[in-house]
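Trainee: Residue strings, one per chain:
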Amino acid sequence: MKILVAVKRVIDYNVQIRVKEDNTGVVTDNVKMSTNPPDDNAIEEAVKIKEAGKATEVIAVSIGEEKAQETVRKALAVGADRGILVKTEGILEPLAVSKLLQKIVAKEKPDLVFMGKQAIDDDCNQTGQMLSALLNWPQATFASKIEIKDKSLEVTREIDEGLETIEINVPAIVTCDLRLNEPRYASLPNIMKAKKKPIEQINASDLGVDTTPRIEQTRVEEPPKRKAGIKVSSVAELVQKLKNEAKVI
Amino acid sequence: MSVLLIAEHNNKELRPFTLNAATAASQIDIDVHAVIIGHECGEAAKALSELELIKKVIQVEAPHYENFVAENFAPVIVKLSENYSHIISSANTFGKNLMPRIAAALDTSQISDITKVVSNDTFLRPIYAGNAFATVKSKDNKKCVTIRPTSFDPCESSGGSATIEKSEAGEEFAQTKFIKREEIKSDRPELGTARVVVSGGRGMQSGDNFKLITSLADKLNAAIGASRAAVDAGYISNDHQVGQTGKVVVPDLYIAVGISGAIQHLAGMKESKIIVAINKDGEAPIFSVADYGLEADLFEALPQFLEELNKLNTIQK
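Residue numbers (the working numbering), protein chains in the order written: chain D, 76 to 324; chain C, 330 to 646.
Do not rely on the hints blindly, as some may be mistaken.
Said to hold, decoys possible - If you want the ones that stay clear, here's a sample from chain D, every Cβ over 12 Å from chain C, calculated:
1) K123
2) D225
3) A261
4) K271
5) L282
6) A303
What the hints assert, rightly or not - Below, computed lysine-lysine pairings styled on DSSO-like, alpha-carbon distance capped at 27 Å:
7) K548/C x K322/D
8) K224/D x K509/C
9) K316/D x K506/C
10) K640/C x K306/D
11) K506/C x K548/C
12) K509/C x K316/D
13) K123/D x K506/C
Source of the hints: derived by calculation from the structure; they are not laboratory data. All figures in this text were calculated on a predicted structure; none of them were measured in a lab. From the three backbone atoms N, C-alpha and C, an ideal C-beta is built for every residue, glycine too.
Model the full structure from these sequences, guided by the hints.
Mentor: As structure tokens, then:
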């Protein structure tokens with residue numbers, strides 16, 4: 076079984092987001108970038124499946140500017156065998172990303188495609204499902220447990236009402252929840268080894284996909300600020316305020 | 330052109346967020362039609378036809394629609410979409426799972442999780458876990474939009490008398506098989522819709538100590554929430570998690586106990602009407618969003634809180 080894992084480079088989840096003064100976007104200059112957190116879970120799961128002898132190869136693919144190579148390199152350092160970087164400039168919407176991934180799938184012919192359930196920058200939660208639709212493959216979104224069977228997977232999904240279990244035949248797409256596993260850290264020797272693993276570079280423009288944005292982002296602003304609250308000195312005061320001032324109890 | 334709302338239901342009843350999605354849909358265009366896909370879902374279809382904002386219901390039934398598998402649902406909506414300018418659903422796990430599959434089939438760039446309808450092609454949506462808001466304008470002919478349910482009021486559940494039209498079912502997608510669903514049952518209000526939420530964080534120190542949260546929640550008829558740290562530490566199951574990767578809640582009263590207020594958590598609760606923070610670290614970021622902050626040891630404060638609430642009840646009686 077061959078597993079393709081899509082990883083995205085995003086602003087690190089610990090960075091406090093700042094909106095640009097001209098309201099055209101958020102500040103990304105000199106800001107720490109990392110792998111999108113649930114994409115780390117996707118890589119971890121693929122590597123674990125390979126370690127269990129149930130996959131033969133794990134390929135990490137990222138789509139973005141030249142620097143997205145760091146994100147691919149990190150995936151190689153935790154166990155992916157080789158990498159692909161699809162180079163693009165500017166804003167890419169999930170629809171365009173899924174069309175580019177469709178081309179990579181056609182080239183690599185993986186049995187499974189894994190990725191995070193959502194990117195923490197645009198919060199769209201679309202790419203995996205869109206890729207499934209384009210390929211007409213089954214999808215298992217928000218996966219918190221994956222069991223590999225002969226020609227299928229049994230996947231437990233995190234849904235609003237609780238948990239759902241489905242069985243999907245390969246080839247298939249799985250989008251990973253943060254609860255799927257505990258991503259490992261790359262050891263120094265593995266980081267050194269990853270430097271020797273191959274990363275193929277492909278220009279998005281050579282893949283014959285129209286990636287022109289369909290959505291115009293006209294303005295980005297800060298969320299409305301909450302007015303400053305007060306500190307109360309005792310539980311009795313708190314309960315009085317909730318009852319008489321806020322009138323919520 | 331009319332808008333098409335995808336109803337969410339359990340084959341017997343509508344799920345409550347369908348009513349919020351109907352409100353959002355009506356703000357795009359007053360002519361809202363709703364599609365209900367399921368198995369023996371006549372009761373739910375009837376309830377849908379009675380919503381005040383729905384002008385027409387399309388009911389599609391087959392045994393393979395019983396469990397809401399997106400691979401089965403998407404082609405039905407794609408087929409119906411010809412007559413509609415917008416396809417709308419809630420941005421909960423149902424809509425998140427389904428809508429992109431429809432959008433890709435229609436070659437449309439989906440707009441996810443909107444909190445406001447600015448015009449029929451322009452919407453406001455949170456990005457970076459609500460740390461910024463983007464105004465976005467769709468240039469696609471057909472628009473696929475998911476809405477954040479808590480940002481729109483539910484519509485009236487009565488007063489409507491839409492016609493129910495049956496439409497032909499599609500084929501079953503054989504590569505996906507539903508096995509089981511384990512719903513978490515509870516006598517408490519549901520976290521997503523509760524009027525009061527009491528949440529515990531890492532400061533609770535153990536799962537056992539969550540009893541203190543439970544007692545307070547019982548007293549206030551509240552849902553129980555938790556921070557990701559408390560979930561990761563195993564104090565409580567993950568369906569209680571509030572935050573970017575858990576549930577987004579907008580109660581009238583949110584009480585955060587022993588929660589420091591990581592960005593991830595704030596994204597899930599900072600739109601609450603009144604926020605109370607109880608934490609012994611006076612510098613904790615949770616205080617920056619709290620209307621009422623109490624700097625105290627939670628193990629002393631929570632029993633006192635209960636006692637004060639009991640006193641209150643006695644006086645009222």
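Trainee: Compare the structure with each hint and give your call.
Mentor: Each hint, compared with the structure:
| no. | hint | in the structure |
| --- | --- | --- |
| 1 | K123 | holds, 19 Å |
| 2 | D225 | holds, 14 Å |
| 3 | A261 | holds, 21 Å |
| 4 | K271 | holds, 35 Å |
| 5 | L282 | holds, 17 Å |
| 6 | A303 | violated, 8 Å |
| 7 | K548/C x K322/D | holds, 16 Å |
| 8 | K224/D x K509/C | holds, 17 Å |
| 9 | K316/D x K506/C | violated, 53 Å |
| 10 | K640/C x K306/D | holds, 22 Å |
| 11 | K506/C x K548/C | violated, 43 Å |
| 12 | K509/C x K316/D | violated, 47 Å |
| 13 | K123/D x K506/C | holds, 25 Å |
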